Amino acid sequence: MSAHEAIDVALTRLAREDGPRVLSVLASRFGDLDLADDAVQDALVDATRTWPRDGMPGNPGGWLMTAARNRATDRLRRQASTSRRLASSQAELVERRIPSDAGGLAMIDNVDNADDRDDPSELGDERLRLMLLCCHPALGGDAQVALILRLVAGLTTEEIAAAFLVPPSTMAQRIVRAKRKIRTAAIPMSMPDGLDDRLGILLDTLYLVFNEGYLAHGDEQKPIRLELMSEALRLTRLLIELSDRHPEVLGLLAMELFARSRTGARTGAENELILLEDQDRTTWDLADIHEANAALAEAMARMQPGPRQVQALIGSHHANARTAEETDWPAIVGLYAQLDAMVDSPVIALNHAVAVAMADGPLHGLRLVEGLEGLDDYHLYWSAVAELNVRAGRSDEAIPAFERSLALTTNEAERRHLTKRLAELG
Amino acid sequence: MEYMITNYREPSTDGPAPGTPEFQEMMGAWMAYNQMLIDGGHWVSGASLAPADTATTIVLTDGTRTGTTDGPFAETKEQLGGYYLIKADDLDQAIELASKMPVGTASLEIRPVAFRPDA
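Chain order of the listed sequences is U and D.
Every letter in the first sequence is one number past the one before it in the numbering used here, and letter 327, counting from 1, is 327.
Every letter in the second sequence is one number past the one before it in the numbering used here, and letter 1, counting from 1, is 1.
Quick caveat, the hints were computed from the structure, so don't treat them as lab data.
Computed from a predicted structure; not experimentally measured.
Cβ atoms here follow ideal geometry from the backbone N, Cα and C, with glycine treated the same way.
Hints may be right or wrong, so weigh each one.
Below, a list of computed lysine-lysine pairs in the DSBU-like style, where the Cα atoms sit at most 30 Å apart [claimed, not checked]: (1) K100/D x K181/U; (2) K87/D x K179/U; (3) K181/U x K77/D; (4) K179/U x K100/D; (5) K100/D x K77/D; (6) K87/D x K100/D; (7) K181/U x K87/D.
Examples of chain D residues lying across from chain U (beta carbon under 10 Å, computed) [unchecked claim]: (8) F23; (9) E75; (10) A88; (11) I95.
Produce the complete structure using the sequences and hints provided.
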């Protein structure tokens with residue numbers, strides 16, 4: 001690796017690892033997310049400019065903390081002098097007292113005098129609070145995903161936009177709007193009382209990011225797409241450390257790793273999707289499966305059951321069955337029944353029905369599937385209806401269901417798979 | 001921070017009649033809620049509004065009244081029933097305070113106040 005390449009790698013690392021850490025510390029100290037974010041971005045730009053010229057500092061993380069803190073205080077001083085000018089020019093127009101800049105300057109003193117706390121527990125606490133803030137229920141789902149990738153994963157707006165196939169201006173606006181709501185509505189960066197509920201939203205958001213990578217939408221020519229699966233895994237691993245190895249976070253890690261282990265087996269020579277039962281299991285990634293098994297075992301030893309652990313258990317039944325025939329469907333049906341009781345979701349009810357079909361026969365599954373509501377626009381509902389009808393020997397029922405699924409899916413690999421299935425039924 | 005909490009609910013036609021013990025109980029819950037806001041230093045102002053079908057909506061165009069209609073601005077099933085103006089440290093506290101409102105079934109909109117001339 002040339003010196004130039006080494007600096008590029010170090011700069012990416014700085015943006016993705018140190019940037020979010022420094023951001024969380026400054027946001028917490030200044031009580032101002034925007035200010036902290038702008039300061040970190042300024043400092044990262046400084047690094048891009050000066051490192052190739054002057055060489056890398058010995059302690060990049062420490063360098064960034066100092067540089068960003070100085071940038072933040074510069075910004076506060078500028079704001080203070082602007083508001084002083086405003087105050088003197090507006091004195092005759094309004095009688096109302098303009099807030100003095102004392103608050104802002106006091107904040108500068110606070111930060112200048114504060115030690116560079118490197119107590120890891122405290123740092124961890126700030127990063128967890130930043131993650132929870134990004135997933136505050138007062139923010140919309142799209143905004144939660146964008147914020148966590150931008151502020152906690154340290155990705156650029158352009159990278160996130162490319163990953164979600166939206167124009168950079170759309171993504172930039174989404175992030176600006178979310179940050180404005182945080183500021184204007186005073187959404188706090190605090191440890192919430194109902195931590196488990198808030199953690200649940202955070203886990204859903206991480207899983208959404210993972211799934212976007214796992215089942216990409218409209219991914220025809222594989223444009224420069226970020227590895228959303230590995231970003232989600234990186235954030236999940238970080239959250240494991242920050243949450244004191246919470247069993248549900250471990251469960252999510254296991255879910256993600258079981259799914260990722262099948263990446264190589266999921267698509268065929270023509271880039272078409274291959275269903276679980278038809279996959280070549282020898283190509284599944286054993287390292288992922290072993291790590292997932294270990295994470296799940298650690299989670300279950302804590303004896304605090306939750307939906308992600310149950311989902312991971314279902315994943316482990318699939319991942320650890322050497323052949324499709326070896327799959328313990330009755331056990332999976334039992335797990336889905338548990339999950340159904342924990343989470344009110346028609347998608348889980350659908351998976352439950354499919355498991356019942358595998359354990360007891362397609363007609364039993366179809367009866368359950370037909371009782372489901374709210375899934376008319378879900379392409380996997382129609383492909384499940386189609387496959388169960390195929391198994392029941394009713395191809396005349398299967399064909400329209402496959403066609404409906406084909407019309408609804410946005411994923412190219414699935415489209416190829418469904419087209420192939422339709423051709424087989426001819 | 002100040003927040004306006006507006007509550008939207010389906011107008012009830014079968015609420016307790018004044019003078020009944022049920023009515024007393026309902027009023028007691030509201031009084032207790034108001035007192036909680038006052039004691040906590042959260043109270044700024046609040047009001048319960050007369051039914052939406054007593055509303056009049058006027059339309060101004062460039063400062064001139066161009067329309068006057070009978071009824072509320074939005075003809076929806078859920079109607080604005082009342083509001084609170086409260087002080088809270090942040091959105092989480094505002095949500096917590098709003099959640100305690102003895103309103104039964106309703107949607108509460110919580111909006112930060114941007115500017116209030118008499119504040």
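Hint compliance check: list the failing hint numbers for this structure, sorted ascending.
Violated: hints 8, 9.
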